[in-house]
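Asker: Starting from the known structure of chain A, arrange chains B, C and D on it as the hints suggest.
Chains as they are written, first to last, in the working numbering: chain A, 49 to 460; chain B, 49 to 460; chain C, 49 to 460; chain D, 49 to 460.
Any given hint could be a false lead.
All copies of an identical chain are treated as equivalent in the list; a pair is satisfied when it fits inside any one copy or across any two copies.
[Claimed, not checked] Simulated pairs of lysine-lysine, DSSO-like, Cα-Cα distance not exceeding 27 Å:
#: 1; residue 1: K51; residue 2: K105
#: 2; residue 1: K246; residue 2: K275
#: 3; residue 1: K246; residue 2: K281
#: 4; residue 1: K286; residue 2: K387
#: 5; residue 1: K281; residue 2: K291
#: 6; residue 1: K246; residue 2: K414
#: 7; residue 1: K246; residue 2: K395
#: 8; residue 1: K205; residue 2: K223
#: 9; residue 1: K281; residue 2: K395
#: 10; residue 1: K387; residue 2: K414
#: 11; residue 1: K105; residue 2: K289
#: 12; residue 1: K275; residue 2: K387
#: 13; residue 1: K286; residue 2: K72
#: 14; residue 1: K246; residue 2: K276
The set of hints was computed from the structure by calculation and includes no laboratory data.
One-letter residues, chain by chain:
There are 4 protein chains.
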Amino acid sequence: MSKGTVVLAYSGGLDTSCILVWLKEEGYDVITYLANIGQEEDFDAAKKKAESLGAKKVFIEDLRAEFVEEFIWPSVQANAVYEDRYLLGTSVARPCIARRQIQIARQEGAQYVSHGATGKGNDQIRFELTCYALYPEVKIIAPWRIPEFYNRFVGRKDLMEYAEKHGIPVPVTPKAPWSMDANLMHISYESGILENPKSHAPADLYLMTKSPEDAPNSPDVLEIEFKKGVPIKVTHVKEGKSKDTPLDIFSYLNEIGGRHGVGRIDIVENRFIGMKSRGIYETPGGTILYHAHLDIETFTMDREVRRIKQGLGVKFAEMLYNGFWYSPECEFVRHCIDKSQESVEGKVQLSVFKGQVYILGRESPKSLYNEELVSMDVQGDYDPCDASGFIKINAVRLREHHRLQGEHRSKH
Amino acid sequence: MSKGTVVLAYSGGLDTSCILVWLKEEGYDVITYLANIGQEEDFDAAKKKAESLGAKKVFIEDLRAEFVEEFIWPSVQANAVYEDRYLLGTSVARPCIARRQIQIARQEGAQYVSHGATGKGNDQIRFELTCYALYPEVKIIAPWRIPEFYNRFVGRKDLMEYAEKHGIPVPVTPKAPWSMDANLMHISYESGILENPKSHAPADLYLMTKSPEDAPNSPDVLEIEFKKGVPIKVTHVKEGKSKDTPLDIFSYLNEIGGRHGVGRIDIVENRFIGMKSRGIYETPGGTILYHAHLDIETFTMDREVRRIKQGLGVKFAEMLYNGFWYSPECEFVRHCIDKSQESVEGKVQLSVFKGQVYILGRESPKSLYNEELVSMDVQGDYDPCDASGFIKINAVRLREHHRLQGEHRSKH
Amino acid sequence: MSKGTVVLAYSGGLDTSCILVWLKEEGYDVITYLANIGQEEDFDAAKKKAESLGAKKVFIEDLRAEFVEEFIWPSVQANAVYEDRYLLGTSVARPCIARRQIQIARQEGAQYVSHGATGKGNDQIRFELTCYALYPEVKIIAPWRIPEFYNRFVGRKDLMEYAEKHGIPVPVTPKAPWSMDANLMHISYESGILENPKSHAPADLYLMTKSPEDAPNSPDVLEIEFKKGVPIKVTHVKEGKSKDTPLDIFSYLNEIGGRHGVGRIDIVENRFIGMKSRGIYETPGGTILYHAHLDIETFTMDREVRRIKQGLGVKFAEMLYNGFWYSPECEFVRHCIDKSQESVEGKVQLSVFKGQVYILGRESPKSLYNEELVSMDVQGDYDPCDASGFIKINAVRLREHHRLQGEHRSKH
Amino acid sequence: MSKGTVVLAYSGGLDTSCILVWLKEEGYDVITYLANIGQEEDFDAAKKKAESLGAKKVFIEDLRAEFVEEFIWPSVQANAVYEDRYLLGTSVARPCIARRQIQIARQEGAQYVSHGATGKGNDQIRFELTCYALYPEVKIIAPWRIPEFYNRFVGRKDLMEYAEKHGIPVPVTPKAPWSMDANLMHISYESGILENPKSHAPADLYLMTKSPEDAPNSPDVLEIEFKKGVPIKVTHVKEGKSKDTPLDIFSYLNEIGGRHGVGRIDIVENRFIGMKSRGIYETPGGTILYHAHLDIETFTMDREVRRIKQGLGVKFAEMLYNGFWYSPECEFVRHCIDKSQESVEGKVQLSVFKGQVYILGRESPKSLYNEELVSMDVQGDYDPCDASGFIKINAVRLREHHRLQGEHRSKH
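Chain A with its partners taken away, still in its complex shape (with noise of 0.2 Å):
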């Protein structure tokens, strides 16, 4: 008699099919889902590969338009980075794709849930959360946190010789000696020999951008459309052609930054479980997108708002690295994000070259700049006597300061 029903997170490699069989060694019926959220991959093949290893059910889920417009864009808004440099790429795909997984769990009845995370990583908390979170009588199965079968399987032989016993196709092509996530959104390459963080990453390793170095010798120049603080659309300033749905328009950006080589970081990070990590990540649209909403962003919202939000965008991005996108506090804080977007409307011009994003111009009917209070040539609506009277208030604490703590100050 079956344990019951597991839906497990498949993404027809070597290690979700041996769980795959795993699992159903251990006496449960096993449903696979495999989310394309924009990575390379033969679906069909998988789906095959599944159905052969006896899944009971297998889902193939295209989520890639809902991928962009609820989980990328919100993080376009928030222009979430963690850490000052990472985009996020990763983090932002799995409230997307466990979202799915609850889903078909809910409606396949199944009490179970499983994924091929490792112990160590952030991946387990953020899918496990999301699961939490939208099913709280879930039962997580995490068999690289299960002593039965970490032990059983400590490296890479093992899966092999036991997919070779329970005739679970076996890769042909030798393993890189690091491990990678790509989506949509990105590539992130970890482990292996990029455990060693002085070691430079290989010339080889990405697959989503050109080496600045082979880029084209010359830029390529776009204007991308905002209004509520999302792209509603993307032009090639010369070619003239634009897109203008999401998923169309992120892919572009992508397709553009790649051939440009932009978005490339080798950074350390911690680790929500407390722990550095070397990562590389590679973010061709991602990149472009956030230099240009910051531009207009800073164009059309007051400098206030924009300190609020910028504080709010920090803390989101923690929310969303550590996995907490479905989460009381997550959710307020997007809806703050999107109240201060009202106005981020407009148009910016910006030029992609040789790993690189410049920002040339931009206009919006909703800016707050005003040419002709700031010029140095006209007065505008402003008398520049009312500076003194400013400046020497805000003086008045640093006069202050001062007396009362002497002259030493003055000899420095």
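Answerer: Using the frame of chain A, we list chains B, C and D on its own:
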């Protein structure tokens, strides 16, 4: 009889030359003061000019070393960035310049200081807050905020006429259709034709950096060594060349960064005075250092310390931008940031190429990175089962929230 | 010929009566405006006085209900406290008063507004920022900042003489040796003999609250019901009496709080203008509400939402204190705080006694409190083993930090 | 053969006595350790009891002085309050207790430590994070999280039976229907009948403070003198009595505060573990100090330093509550806060009466209060005209915002 002595921050240009003469006309004794903070300038010529215009005394002060050590270095430690983009090259020079001006004023017994900053900008505030903080009784003469002055000199033409009348040498080359401010850290460009935020900056604007399009086709690889959060050595990996004094290090980074077109930005920013302005900046060495410091800091600093320090850095950048370097709060924050840098030590390798800085690797005797702990291949001192409890406890709140909201969320 | 029309915020007192006459002398038509925001005042007498002094028109406006609903309620939602102590009773009245003044100015076609606030205080800023925000073209006449005025009226004696000369009724009772400001929310006392921060406030200063020493010897127990973070009903538990409109609720809380001497504080605070000042405040109803709201909010709001909201509340209090109620950032923050209050609902029981408010208990249909989960006696849906993993993972960073520091810490 | 040595945090009560015996049963050598942090306790009896139950060694440690100086004082400097109300009396004791436990474990060569904290609370985390931070290799035995233990001892009856069987003296007085934790700083009460958040606390619950209703009918007036943010002397103004060592000062404030019923709160708080719990606390001396320190701090600290320090204090309180006293971030924050206290010096007079603390006045040689500057009667070194410019410049943003929004706002 003299109304008293004024120490005038003198640039040698048309504006401050006219101010010099005007101040004399108004009855003041004028001492001119010109700080060398790394800008291109014929200091001897400026000296002679000031003397010929009747300056009672002329000070030309080489502040480059202290500018780097006492002002740029703390900004590097802070990762100081204003509004996510601007590295504060002008802001950071102002307290350095004004501090010496005040020292001269005190030493020369001058009750007045004067400057040629406009009435709409940030610099007037930065200069004057420094002056008031260090010399609370000082009186400030800001001609561009005095109606008799600014109504008399409405346009450049008025200044030219006044100059001719008073024997002030008139510039022979036409003025660029924008204004600029240069120092060791950066050159900024604003106003004039740049005031239209939509129009692209002219290609020939930049003086400190090559266009990325004309930059070399192969990167330079540098190794920067940090101690207590400041660079103590930079080495050109291939050439073996190295620099190890603050001024030499920074100048060399400018040279390399400039050659590769690093550090150009075009932004709209929020002035302290409440208006938005468009500025174009090139900060070659500062940009390289920003990336390198960020990297070594994340490598050596605890995650949560970093989070708090990041918040302090944002505040520091605002204070710096707004002119509050010499304020109790900025001193406090600098102290805290400095404390956070005790273990920020090690070497970063990076490549500079076509406008971009790429971190390649890092090492440190004080790293908190634990290769064994993070490894996917070995367990290290880590029990993956602990992660289950960690996740379950983190989910307590989320599950409660969901339960109390009813099941409606799962239907999304 | 008239210089134009001024709407003068008129209190009926000596200062603004002199200002009224002086403005006329200066050639303005003067409309007086007196807001009833709950202060003790003979409004009819003030009306007659203004008319007799030549006011072209006299407005007496009862703003009490909107003051409570539109200004005090959002402050309650925010738990707004300035510098950890001050409940902002004066600050919150200013935008309410100035808003109507501007409405009158627009409706009467007046280009000017005027007020009697001093040049050293916060109120001038609060009034004027509201005016400029709502009526950007308005011109403000602040006599206490106009040299011709303040040099003419150096002391109270000068005002008295001017009053006698111009038929302005002179107060017969001697002025208290401090100044005060009263409204529905509080009375503040400052200046005069209170300017010495060491000297104790006189016992007979307070008008709104009884001395705790003279307060009843038994408590009153109230139940306050909240919905969306604002009180919708207050009930006297023993007497059964209840109130359910904003104005009635707040007035009743003032009555109860006042009777028991609740809400007296003596503080030194930091003015926006940069100086420290000493203020004494009594805020009976506001203090009760502060405690009650804090309690129901913590009971119903998620921990992390609360943390973010707490930060927003601190910012809100600063904006409010500094006069930025009508600013983009304050509108943004109010929106966010309002959003956070959606589930802040339920009843708080509290006792009011001898100057203190004691929370006794609370209940809510939207509580996130789970009695079974937290119980020491039953397990609930909670596995204590999870806590081990939670702690171990939280310790990862701490152990790393210790190891890398060497063992020196254990010797402490 | 022994499994090794455990240092058990032993209270002398039923639970930890059973744990002692159970650990022996399980094959460990047990050293008991009982910290005197100011709770009422018969330490001799506890010692004898532990010895009679087979403890290999018994440590009774008087930590009161270091508890005040090294743990309470930094919390006073920080104005540490958790969730706006809780003064952290339990939290602050935990690292103090656990630090000595670890010192004993190291000194005695014990690889294990154990405690009787429950699996749902905060204390387990506070104890264990301290242990792991100071002794990374330590192994922790938390019986209430070990299924064999907690399934064996489901209720108090099981413990009683076990006690009788093993010759453990059984308490003769019935247990109070709640649990409490006492130390020098406070007593906390929770669970049992208090778990219902609506029900009022029984009047006879409190042990450290008199009921305000029964408190004296006249206040006691104290003067507290601070240096570097910590009290160095307290004087009873009328009686002339004074105390000047940390332990004496704090004990005396407890005595006075206790007599007047100061510091009682009834709150619902958010545990680190993610659930809400109801707690009742009485913190007499700590409450007096909180008010006094707040007052002297605001009097002597620059406004903007205070603002930053306030934010750090909120973070400090969270760390403290969550058990991160010994963490890099908490050490960093303590350092920063300590720095901020350099000038927090002076005397505060306050009155304690019927559950409330009233600040009466303050003085300081380092005050930033400038009586002349703030005076309404003299001008001081202040030009009121400056305020006009200050306000106008602050209004620039607001006016721009309004203009660009159109005139719709004025209609509100």
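Asker: Could you run down the list of hints and mark each one as holding or not?
Answerer: Tested hints:
| no. | hint | result |
| --- | --- | --- |
| 1 | K51 x K105 | within (16 Å within a copy, 50 Å between copies) |
| 2 | K246 x K275 | between (43 Å within a copy, 17 Å between copies) |
| 3 | K246 x K281 | between (41 Å within a copy, 18 Å between copies) |
| 4 | K286 x K387 | neither (34 Å within a copy, 45 Å between copies) |
| 5 | K281 x K291 | within (6 Å within a copy, 48 Å between copies) |
| 6 | K246 x K414 | between (47 Å within a copy, 14 Å between copies) |
| 7 | K246 x K395 | between (41 Å within a copy, 9 Å between copies) |
| 8 | K205 x K223 | within (12 Å within a copy, 59 Å between copies) |
| 9 | K281 x K395 | within (9 Å within a copy, 43 Å between copies) |
| 10 | K387 x K414 | both (15 Å within a copy, 25 Å between copies) |
| 11 | K105 x K289 | neither (42 Å within a copy, 64 Å between copies) |
| 12 | K275 x K387 | both (12 Å within a copy, 23 Å between copies) |
| 13 | K286 x K72 | neither (57 Å within a copy, 57 Å between copies) |
| 14 | K246 x K276 | between (42 Å within a copy, 20 Å between copies) |
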